[in-house]
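Novice: Following the hints, position chains B, C and D against chain A.
There are 4 protein chains.
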Amino acid sequence: MPVPKPNLHPPFHIVRASHVEFQVKDLEVSRAFYCDTLGLQVTGESGEQISLRAMEERGHHSIVLRRASERAAGALGFKVFEHSDLDRLKDFFEAKGLPACFVERPYQHRTLRATDPQGIPLEFYAKMDRLPHIHQKYGLYRGAKLLRIDHFNCFSPNVDQAAAFYNEMGFRVTEYTEDEESGRLWAAWLHRKGGVHDIAFTNGAGPRLHHVAFWVATPLNIIDLLDLMSTTGYLANIERGPGRHGISNAFFLYVRDPDGNRVEIYSSDYQTVDADHEPIRWDLKDPQRQTLWGAPAPRSWFEEGTVFEGAPVREPELKAQPIVAP
Amino acid sequence: MPVPKPNLHPPFHIVRASHVEFQVKDLEVSRAFYCDTLGLQVTGESGEQISLRAMEERGHHSIVLRRASERAAGALGFKVFEHSDLDRLKDFFEAKGLPACFVERPYQHRTLRATDPQGIPLEFYAKMDRLPHIHQKYGLYRGAKLLRIDHFNCFSPNVDQAAAFYNEMGFRVTEYTEDEESGRLWAAWLHRKGGVHDIAFTNGAGPRLHHVAFWVATPLNIIDLLDLMSTTGYLANIERGPGRHGISNAFFLYVRDPDGNRVEIYSSDYQTVDADHEPIRWDLKDPQRQTLWGAPAPRSWFEEGTVFEGAPVREPELKAQPIVAP
Amino acid sequence: MPVPKPNLHPPFHIVRASHVEFQVKDLEVSRAFYCDTLGLQVTGESGEQISLRAMEERGHHSIVLRRASERAAGALGFKVFEHSDLDRLKDFFEAKGLPACFVERPYQHRTLRATDPQGIPLEFYAKMDRLPHIHQKYGLYRGAKLLRIDHFNCFSPNVDQAAAFYNEMGFRVTEYTEDEESGRLWAAWLHRKGGVHDIAFTNGAGPRLHHVAFWVATPLNIIDLLDLMSTTGYLANIERGPGRHGISNAFFLYVRDPDGNRVEIYSSDYQTVDADHEPIRWDLKDPQRQTLWGAPAPRSWFEEGTVFEGAPVREPELKAQPIVAP
Amino acid sequence: MPVPKPNLHPPFHIVRASHVEFQVKDLEVSRAFYCDTLGLQVTGESGEQISLRAMEERGHHSIVLRRASERAAGALGFKVFEHSDLDRLKDFFEAKGLPACFVERPYQHRTLRATDPQGIPLEFYAKMDRLPHIHQKYGLYRGAKLLRIDHFNCFSPNVDQAAAFYNEMGFRVTEYTEDEESGRLWAAWLHRKGGVHDIAFTNGAGPRLHHVAFWVATPLNIIDLLDLMSTTGYLANIERGPGRHGISNAFFLYVRDPDGNRVEIYSSDYQTVDADHEPIRWDLKDPQRQTLWGAPAPRSWFEEGTVFEGAPVREPELKAQPIVAP
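Residue numbers (my numbering), protein chains in the order written: chain A, 1 to 326; chain B, 1001 to 1326; chain C, 2001 to 2326; chain D, 3001 to 3326.
Treat the hints loosely; a few may be bogus.
What the hints assert, rightly or not - Partial selection, computed: residues in chain C whose CB lies under 8 Å from chain A: (1) GLN2136; (2) LEU2220; (3) ASP2227; (4) THR2231; (5) THR2232; (6) LEU2235.
Hints are computed from structural coordinates only; laboratory data are not their basis.
Quick caveat, the model's predicted, so the values are computed rather than measured.
Ideal placement from N, C-alpha and C gives every residue a C-beta, glycine not left out.
The following block holds chain A by itself, in its conformation from the complex (with noise of 0.2 Å):
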């Protein structure tokens, strides 16, 4: 199967990737990480939960963590251009008969709950609480300095099919990976916003979060993390990296949150606007689409997700991938 010919003309317009609720043991635990060594901004909080941006967001929230017992992942957020987009959205999933419907979502003015084809849970606004900006407020910057989201990664049973959707909805391919035996996608990324994706799927027991990523400014950035974070008692929680992905070609840290969940560090892709920008293929045997250069991912990595909130995980139907002993 063949990667889908892009649609060029959705029947709405999706703008990016906008933001994920973690629900996590202990607020305050969660708060020290995400804010004191990540460097992301509280904007909201209850006894309940907290609402953070990054420091270049205007957006009211790109993470929320809400305290729960168990860990999970809440709906992947994604911002759409206009209201209009919703309502066609609604009727899209609909048609597919798929779940879809309005729900209430503090913060946010008019929020579409669905549901992709493989469980996935999506909401989609136009409009969030607008914050003043703070990314020349130099002085609040902390840690990592994250300055905005950038994307979801998740694993998916079925590649071929969540890419297939997902292209459906307008999402572009940039960079897959084919498993040359079955001649299926093992791995897909897709974008809206003109880098090299808003979200990813790999094949593997699915669908569950493998990791939220956050853009900083320069490769220094994760070095200062790593240092920070070897030394403050979260050695840990360092996963992966650092690298350079070959797929993305961006510079890259993974890191584990206190319950967890995955967070990339990331830096440096490339610019996708172009309506014929052609994706690239790497085959499922070379080494450096992961990892153009950097230690191999440990097993951890190709295993360990975040189920999402309600959604059962299934096998994969491609088997399970060869991982290169770390």
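Specialist: Leaving out everything else, chains B, C and D in the frame of chain A:
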């Protein structure tokens, strides 16, 4: 006159700033500057012209150098989403009584040549020859390691009119400088691709090209360029910087090519894809709008620019900018 | 007068520039600057003074702030190899008819106070209280993340004499500026610890302290400091830079503390430990000696300095430096 | 056996680690690696050997490549302060019954060849041909932009003895690893020039050269090198890193040259010039001593080294290091 409300539904889809042609006196002298020092790659050449691209670009050219006896800039090139956008653009210009016709341009499959109300020559295309990606051929990187074209900046005799016209074409204002006394725009930054700008206008004798800007990955690329230029005979070509702009928050350097054309090396502005992204207003009297920190711009930076081939220059309607004595 | 031949066998062993005391008007205002912005750590305080060290230092203090009604610098502090060096230093000063006596200084076990021929107060010690290392406590790093004191730079009314005296004490010239017309030294950089300098002298009304310099790991620490200072009320305290010096090849920034004392943030000079390391000569007329690239220094940088407590200032014998109008 | 007390008054003055010769199979293959990739400059060549220096060095060579059929390292070169130090060194070695004689070496004016107690060939000199400085010829910088040789690291069959011998020669321990069970030294870092080390010893079959290290200005030079090596055919030559050492606090990368000799690219250790600089003790069981953060070292890094020409290798007295499975 306030900043125009964004036109969220323009009748055509312009994707991004794409390329510009410079008339140069000596192709070999220019090649040494653009290739060995800035790090562009030659993609085509004849005895009369050299085409260049930056390391991340897949389109054939972002700079074209053409041998000529006098310095001048050719049309500002923009890439549109698809061929039909070109026809709708032609209609748009003609409805306003502005010149627009299809022309032959090498490596571009169908090119609409038009002129904006202030006289700037423009060219639009949907398809340009695409080249294999080289962003991971690190053995080819040189000098400043330019990654991609980012934007154009022009002197305009009437920024209110210029901003209104480009706004009508779907460009959205991200930041602007207001002359408080007259209530008029002194300068405006407008984008299509989701950064701070694809084009900007500043009050001054125009139309003239103030600079073309290229993106680099980190501030250290700019420091490397300064080390290189200051010790290889290009010291006098360093005009302004390094510094950080208030407007755009980018880390920047301005250099002059051997003919005097200005090139900005630009890094780390911010993402502006949201439809409700709020423009930032700056007061003309605030020196931090141009220079958050760094030396004041020299007089040449305020006064000198490159004329567009065949475009007469008019004095601006607003009085000359009060240059802060450096 | 040529550069003096290095004295490879001085009668005592001075190890490095160590510390300086500043008289400041408001200890809390100074603390905010030195700790929150530059990143020094408090190691001792009373109502009258605060002792500070940089992140890599194990000696008790490299800056001492003392409350006083007038700005002034105290003695320049140097660490010697062992206690017996202090006695030999005392003999050396006394043989020249220069003041030298042992004094009590907190945290220093035995301190020789002396005065050099141009009137600069000096203090020498072998043992200062040693503190636990904190260079890997990355949770403590702040602001510019200063790592260690690097050098002092002083205005001198007679650089030839100053260089000759320090040369006799075993300091070795690494670079110097010669006034071609008179054949005299305009400025000289002299080291003990194997970098470009522990102390430098520039022709001017003196003795006055031009600046104390601290080492940072990379140019990006300086860029971070510029972002921070320009948005937290310290914009006017940025005096010169960033840039690269011709002399020393260091990447630099000069800032003024709340009392006006000048601090250089300094990175990446070179190693000079070889006994036959050849000094580099610069011509006074070469502007790249001060600024390989970067904006010219402002007038204040050429003219202003901090007087040493109790040391009268004399006009220099050489005519005033021809300041390149910035 | 505790760390030896520093010998503050050795009978001669060794200044720094200076150079090493490698026997290589193919001079052109080695030249491509050392010059185009690491960025050294050729300073001399014949059909049989190539001399190289780094960008900041004024001595003629820090690496000499000599054509040979088998990989081996020649003598470790050290620069002394003055000629008379060579005579005192000769006496020192002879008094211990160790070989020491003057030999002819190109570009070195008088060379003492000696052998340390564990069999490492050493050479000492005071004067080597000096070359014009090129540290500001930025047009010559290539690849990793190596600035200067920093240190040697050797496998030693008896680190206690090695440390005691070099300590007697005036090298001072800055950090060390103790095997808690036996109370013996597992590894020791010793310096002369004021950094963390000029030479280090680690328990293992020896004597063998573990690596020679060169200094670079910032971690980004190392990231540039990784990008370059991973895309120009040198991926398999990247052995370990990037990471930060616990010991030395340096940012590092280990690469293997075409013959398998290991080169460390090293940045940002700290200053150790104080006579009372306290050594830091690490426990052999603390994995952060080698890697503050970063992937564990691979088995090859623990086991492989370069034999010294003519020096038989003995098994270490302490049991093999418990390698943490990577």
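Novice: Which hint numbers doesn't this structure obey?
Specialist: 6
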